[in-house]
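Engineer: Here is how the chains run, residue by residue.
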Amino acid sequence: MQSTAHAFKDNVGTALADPNLQDSLAKLKVGFSERRRQAAERLPEFEALRDRARDIKNHTLANLDFYLEEFERKVLALGGHVHWAPTAADARRIIADLCRSVGAKTVAKSKSMVAEEIALNEHLEALGIAPIETDLGEYIIQLRHEPPSHIIAPAVHLTKDQVADTFLEHHRKLGFDKRLTERNDLVAEARYVLRQKFLDADVGLTGANFLVAETGSSMLVTNEGNADLSNTLPKMHIVLASIEKVIPTLEDAAVLLRVLARSATGQESSAYTTLNTGPKRPGDLDGPEQYHVVLLDNGRSGVLGTEMQDILRCIRCGACMNHCPVYGAVGGHAYGWVYPGPMGAVLTPQLVGVEEASNLPNASTFCGRCESVCPVRIPLPKLMRHWREREFERHLTPKAVRQGLALWSFVARRPGLYRGLTTIANRVLSLFGRVEGRYHSLPLAGGWTRFRDFPAPPPGGTFHAQWKAGRKRP
Amino acid sequence: MSADRSQILNGIRRSLQRGELAGDGLKDVQSRLAQPPRGPTVARAQLAPADKVALFCQWAEFNNASVARVSAADVPGEVTGFLARNNLPANVAMAPSPLLEGYDWASQKMLSIRRGRGEGDDQVSITGAFAGIAETGTLVMASGPDHPVSLNLLPDTHVVVLREADIVGGYEDVWGRLRERYGKDRMPRTVNTITGPSRTGDIEQTIELGAHGPRRMHILVVRE
Amino acid sequence: MVPSVSNSSENLHPPPRRVALFVTCLVDLFRPAVGFAAIKLLEEAGCTVEVPPLQVCCGQPAYNTGDRATTRAIAMQVMDAFEGYDAVVAPSGSCGGMLSHHYPGLFDDDPALKARAENLAGRSYELISFLVDVLGVKKVAAHYDGAVTYHDSCSGLRELGVKEQPRQLLGSVQGLELREMKTPEVCCGFGGTFCVKYPEISNAMVGEKSADITASGAGTLLAGDLGCLMNMAGKLQREGSAVRVRHVAEVLAGMGDLPAIGEPETGAR
Ligand code: SF4
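Chains as they are written, first to last, in the working numbering: chain R, -13 to 460; chain Z, 15 to 238; chain B, -11 to 257.
Bound-form chain R, shown alone (with noise of 0.2 Å):
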């Protein structure tokens, strides 16, 4: 996908004047976080198991050439495959290799954002081979060319009724032409239209929420059902996955399990959580006969060992995005890219660069939400801190905002000067602005009185000058 986090402040603009999407954001700001907090209410241990969930992480990333290889080694003694993709081409080019080798016209996929992550559908197109998303909202967004705008709810930012513009569009010529008004009618249509497809997929595509190095196991959580679907009719089933979803062991999986669900949409377990290992076993009257996974680096190697790891743990659980008041006021379209929210704006610099991105990690008040609702803890705020150290480094910090700086900092380093000024800054707001008590406009202060008021200090001085002339009350 084309990044456009570049154009993050135009994609504000845009957002913010559009009245569909900030009516769904309205609705996910409330939705989500209350029920994740239920759902964490409801669990005594929670708070016992997001330590051991971060703790795992680190162990596995710790030893990730290690698990990565057991994992191999199980997958390969079961009948199935493993490709190592060190870059996106190089996942396109072996997933458009494997499609070839059985004759594929169509792949079934379900919702994977490392395919958004490497653009695999725009790749497939273009050599002929259709895929077809069949989560729901990915097969919304889909149809109607858009990038999904949640890591776990890629349609969120639509109303029901664009989704029934879009299905009335593109269902019309499968007979289906009753612009519909109910939401269980739309998903019952979308339903129909996409069993039959999956009926004639030749290769399933899934991502995996953790890879298992203990049995060689691929994981999937869903509630649709659909990736089970692409994992058990066509005749080939390729998992696709970054490194860093390998986990140990199945005790492992049921830890990350109970936070990953809870976090992402308060449920005690999502609906379906998937364990497949290897191809279809001798007798058995369904299942793929070949089984693929190809794993993925993409930039992730280079991150293990910086100070920026810790994005690593990520399980994409979505609740970093759903607890975000940034995300919240622009929705996930403005970030640009495949990944929104704290845990986009962390990750994005890193895989599209830190120039394109430049935005993102700055575009934050630090206000913590996001690190204290992450199942694996990821100190969000300070890695986002990070990303702008880098950029004050490499002098990619808007000149304005450096000078400005530049110039505080030159002062705030001086305390009699400081003093000075402030005692000049101070005497001359609180002249101005006595009748009134607050300014609708100021000078350099743009940002602020475009919006809002600008409270003046009252008469007598600053703090250090009353205090020192010997006042005990202002």
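None of these hints come from the bench; they were simulated from the model.
Predicted model only: the values in this text are computed from it and were never measured.
Built from N, CA and C at the ideal position, the CB exists for glycine as well.
Take these hints with a grain of salt, some might be off.
[Unchecked claim] Straight line, CA to CA, 20 Å or less: simulated EDC-like cross-link-like pairs of lysine to aspartate or glutamate:
#1 K185/B <-> D(-4)/R
#2 K221/R <-> D188/R
#3 K454/R <-> E38/B
[What the hints assert, rightly or not] Listed next, with one range per pair, are the computed distances between beta-carbon atoms:
#4 E133/Z <-> K13/R: 35 to 43 Å
#5 A100/B <-> H426/R: 46 to 54 Å
#6 N24/Z <-> P99/B: 28 to 36 Å
#7 G406/R <-> V122/B: 34 to 42 Å
With the hints as your guide, set chains Z and B with the ligand onto chain R.
Structural biologist: Structure of chains Z and B with the ligand alone, referenced to chain R:
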């Protein structure tokens, strides 16, 4: 191909500032793999057997499944009764499993049974379950000749027969049973853990049942 | 046995008495009353309060812009200015948190400076939590008429655990009724330089905040950080709201009769 493999693995090692694991470091991870440590104990997964059954039923219903607690002799009757109560057809696709064959289906004259895998237009399926997890009301299905995966997914209605003795506390207990049955390193091709009917919240964050998998799930919990 | 020893040894330590006030830049320049209120509250709790004259800023503007070198220089200046006091107290969660949670990490490469930073961190506090958690203050002798709603500023809440302390003390103010808004824990959109770097997003956030404040029905908004307060006051006033905005310390110190933030002096209009 193998160049790509070593590129990734060596990249990881370079970043971690070490070579291939060896010595104590290797022994530690190997033994962690051989004896997987359990996570924090979840109290509600540690109940006595009878309470586990009750907890399983409670969470299964919380997750929009319906539950009937029956004796073995009543299983076929409850199935036809359930189908009739819900105006569902009496044609079912059934898993060819010894467990299910142990019930007296012949007693249900109206019921027409096809044994095999699921097909795209199946209305109702009947399967057993490898286990039930009390902690969340979750069913565990292990694939094999006696349990085609498609039966869990394609039909509109999924009827599951679960023995009380197969209800365990938490996920960890299921892993134990799987290792016992299939061997430590050998999982069944597919293990589906299923918690209630299929659902989606993709339109306006409102849950609708029956996205791709079954719309309706009925669990028969069978007393021994 | 071990825990009881550590308990009793804790009790042997007298509470910190010689307290330095970290005024913060915003209070110095825009709302001196907060500084006086803080001093009054600390003195009433038995502390001797000093205001080290060489203090300026805690360095957050540089820190949050990614300018580590300047942040370190400012942090060293702060460590000098606040050497030797039993406690350093700021009427702000974000400045207090900067000293107590972020300074040590600035000096990972210099053990001597790191030790100094950790020493300062260990005795730095946000005002209200210092009063309640360290000094054991349970109530104040103040009076304020009307319903107030309290916004939990982010750093105070999530870095320092300031949540119940202000509510406990507000509960002892005569005539005051606390009416919670729906989401007191959601950021107001201030974020230091964020509010001028991304004014549209900041505005969307503070607009939602002001709606929540208004819906609470309270006539007064309180919080513990002046930056957030100026942001929310500015928005409420631009919208023509009659809600008055004050720092929580002012109300606790019985200074609730002063003109509110952004209000003209009585009689000036
Ligand atoms: S960063 Fe944490 S909260 Fe955000 S998606 Fe990843 S795991 Fe979830």
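Engineer: Each hint needs a verdict: does it hold in this structure or not?
Structural biologist: Hints, one by one, checked against the model:
Taking the CA atoms of K185/B and D(-4)/R, the gap is about 13 Å. The hint holds against a cut of 20 Å. Between K221/R and D188/R, the direct Cα distance comes to roughly 6 Å. Compliance with the 20 Å bound is thereby established for this hinted pair. For the hint pairing K454/R with E38/B, the CA-to-CA distance comes to about 11 Å; that is within 20 Å, so the pair holds. Hint check: E133/Z to K13/R, Cβ distance near 38 Å, so the stated range 35 to 43 Å holds.
Range check, A100/B to H426/R: Cβ separation about 50 Å, and the 46 to 54 Å hint holds. A hinted range of 28 to 36 Å holds for the C-beta pair N24/Z and P99/B, which are about 34 Å apart. Against the hinted window of 34 to 42 Å, the Cβ-Cβ separation of G406/R and V122/B comes to about 35 Å, which satisfies the hint.
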